[in-house]
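Participant: Chain A is already provided as a structure; the job is to place chain B on it using the hints.
Residue numbers (numbering that gives the first Met the number 0), protein chains in the order written: chain A, 0 to 111; chain B, 0 to 440.
In case anyone wonders, no lab produced these hints; they're calculated from the structure.
Be a bit skeptical, because a hint or two may be false.
What the hints assert, rightly or not - Pairwise CB distance ranges (calculated):
hint: 1; chain 1: A; residue 1: 20; chain 2: B; residue 2: 339; range: 48 to 58 Å
hint: 2; chain 1: A; residue 1: 90; chain 2: B; residue 2: 283; range: 33 to 43 Å
hint: 3; chain 1: A; residue 1: 59; chain 2: B; residue 2: 225; range: 15 to 25 Å
hint: 4; chain 1: A; residue 1: 56; chain 2: B; residue 2: 381; range: 50 to 60 Å
hint: 5; chain 1: B; residue 1: 283; chain 2: A; residue 2: 52; range: 20 to 30 Å
Said to hold, decoys possible - To give an idea of the chain B side of the interface with chain A (calculated C-beta under 10 Å), a few residues:
hint: 6; residue: 284
hint: 7; residue: 287
hint: 8; residue: 344
Beta carbons: idealized from backbone N, C-alpha and C, even for Gly.
Listed below, chain by chain, are the residues.
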Amino acid sequence: MKFVMAIIKPHKLDSVREALGAAGVEGMTASEVKGYGRQRGQTEIYRGAEYQVHFLPKVKIEVAVPDDKVADVVEAIKTGANTGKIGDGKIFVYDLNSAVRIRTGETDNDAL
Amino acid sequence: MTTCLRRLAAPAFALAALSIFLLAPDAAFAADKHNSGDTAWIVTATALVLFMTLPGLALFYGGLVKSRNVLSVLMHCIAVACLMSVLWLIVGYSLAFSNGGGLDSYVGGFSKMLLHGIGKETLSGSIPEAVFFSFQMTFAVITPALMIGAYVERIKFSAVLWISALWLVVVYAPVTHWVWSEGGWLFKMGVMDFAGGLVVHATAGISSLVIVKALGSRHGFPNDVSPPHNPGMVATGACMLWVGWFGFNGGSALAANGSAGMALTVTHIAAATASLVWMALEWRAYGKPSLVGLVTGTIAGLATITPASGFVGPLGALIIGVAAGFVCYKMVQVVKSAWKLDDSLDVFAVHGVGGSLGTILVAFLCTPTFGGFGLPEGATVGSALGVQATGLIATVAWSAIATLVIVKIVGGITGGLRVDEDEELEGLDITQHGETAYRLD
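Chain B extracted, bound-state conformation:
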């Protein structure tokens, strides 16, 4: 994503672009010509990324919970997807990708609310802005949906909707603006986040911990909670996420080009490597390699390569895969055993840690030494590392603080975030939604 936008800032027309930018903030891309190849690929990628949530993530998470809660998890994923889509149209996209005037370093403005002024002919780079809007919408859908894994099996459905809605506006849209909008302060520092290590995985990961802290653990945690009710469903969902991730990372090139092709390649290599590492670690520790472990490694590898995917080569992908397998595997146990936090489906350990790890590693692995495609212009490994760390710290701090406020507010609105204990024990499917997943008669 950054490479594409940065291409626009080539010295040749930097001045001209700047003057257009000042006069008509959102016309800066109008100088580009439409490219049907790029458009075709991003339309495809948009579908792939939506497929990650619907039904990939829904099945991945649904299989990991008790059978009496599986429908509530599917419900969370699909309802959040719907709500985020509508909010993205109303205000999210504008806050993320329009010019914020005096506050442009930190947040966009309201000029693109309801896609105001954007028609079929409006371009964003070489693709129609409607396509760019939709592609970004699928990211805005999956990011709050990732957090569902932290709070399953005990949260009120109303709290899910409120938290996700406020979070999209207060956390996701501004951080997206910092990193991916050309006015954003991290963008201007040259932060490397190809497809959302910061924007998606770090924000969702740390916010998950904050929600869990406010919400409390599931009944019986840590010693007496039920195992995943359907590992086969978990694997099905994970594999859909894997395929969809080709659109997530490959699409973030915002063009049908070599960058997209390489992003897709390194994404796959990192996922495969991390899967094998996780499997091997489990095999050694417990004597049996498990399916759930294997595919958890897949997701860890995918999350970790995400920020780096347009900047590193295959060697970097192998290194990231190995690092993701080891570090995320270890962190799952740290969160549950040492911190005693019931981040139920390991959102922080897999996504938060993975996204953060990739964000830091890319400063080294993008260098030609590791077969990468080079540091940002004028940067050294040291300076790039500084920028990446700044981006990570700022993203984590803002996400944590804002989420803390959000859960306080939502707790007030919904009269507590949790269902009562009887409802939790009976299961959210029947008590919250009036439905039963498996009827064996």
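Same shape as in the complex, but just chain A:
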């Protein structure tokens, strides 16, 4: 099993959700987070004064998937979140040791 975590632009959440749904993913977690990468935040100007906003709003999505779906899931996020502009985000894949569905007690692949 793998755990896929991706940081994306907030307005791309819906298209990522659709793409993941099409790839057979049945559940995910999304959180509002702040961060920056090579984009290094942005500059806002109020009354002529420049303000450096270092941390930009981003959305973090987390999906646990069986090994055989990882490539599809990464591809779906990559497609759904892509705008071609700086700040599109990143995808990280971790090994996942175990999973439990709380209601039924099912474990691992059965719990995903």
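Facilitator: Chain B alone, transformed into the frame defined by chain A:
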């Protein structure tokens, strides 16, 4: 305001009024008859002007600060409004509008403390004096409240209350007496300040700079302070100020008449024009027209037309709007970049400069050449300009010196004007007031 009071000095009963004035100082208006139309309008205008502070200015300023300080700004505005109202009743109104005896040129006396001797039947011009008192009270509320914009995000709450209270008594009440009370020395010189370019905006603007100088900048100023946390709140407040300003300037005619109607008209035109100018300047300079910029232009236009509003016509209003947009826009940058003063929400650049600009421009724009309603009797443009400049210099000098003394005294009383650095970084809401503005759970 001046036109109404000056009407009383018509030659026909000048002598009679003078003798009454000498015998019973505050009975000079008793010759006028009550006018219910005037009263109805000034009651309405009073509500409009209070609405400018509560909640207009509170929201305008509240949206411009960090989210961890928004409640402290709302708190400042509302608490100052309460304190100024009570002080205005106790002593402020008397110092501004009663007869000061031997010192009458400079300050009123104590005869109207706690509205002594003023009942339901007492008139001020054609309206009940209680209405005049309340209308003027809303001005005494918003003027110290304007200064809040200079010192947000780092000042002790106790210092806010002390500074505002002393300032009302030492700066606001005397300057009001100079300009709007018929014994005042600037009033007698024929200074033109229809609704408070000198009394409200110049006093608050220059005093803001003095407070900022004593208080110091916010942590991280100028390069690392946070942007406005809620521009939508800023715009909401600015629009309330705009509507309320109809009462501020239109009400300053102190009558339901053509002067009120024209004041309201030119007020709106100047505000709209200055908004467009500010927006255009930003658009050109930075590639994007911003909401905060647009509504800052609105306030600049409103402040600048204020002293001129009863004296200029629509053409004058357009000119004032353009001038306000350009000059105040430029001054925001001068104060922050060249002078390096953290007048955090630009009180001096918008109100001080705007009010001063209007005070000078009215000497030209009140002439029929620009569609205005004429210079004061016997005045030329040159002499009027001299009077306006004298009024401005005296107002600015007195406000600056008195505020300097006030901040020294208050610094002593409160053990320094600032919160400590940790409290500043954590935010005034939680450290000073124990509250949090936005709870997202």
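Participant: All hints, please: hold or fail.
Facilitator: Results for each hint:
1. A:20 with B:339: 48 to 58 Å: Given about 55 Å between the Cβ atoms, the range holds.
2. A:90 with B:283: 33 to 43 Å: holds (41 Å)
3. A:59 with B:225: 15 to 25 Å: Hint holds: Cβ distance 23 Å, inside 15 to 25 Å.
4. A:56 with B:381: 50 to 60 Å: Given range 50 to 60 Å: holds, Cβ gap about 59 Å.
5. B:283 with A:52: 20 to 30 Å: Holds - the Cβ-Cβ distance for residue 283 of chain B and residue 52 of chain A, about 23 Å, lies within 20 to 30 Å.
6. 284: holds (7 Å)
7. 287: holds (8 Å)
8. 344: holds (9 Å)
In summary, this structure violates none of the numbered hints.
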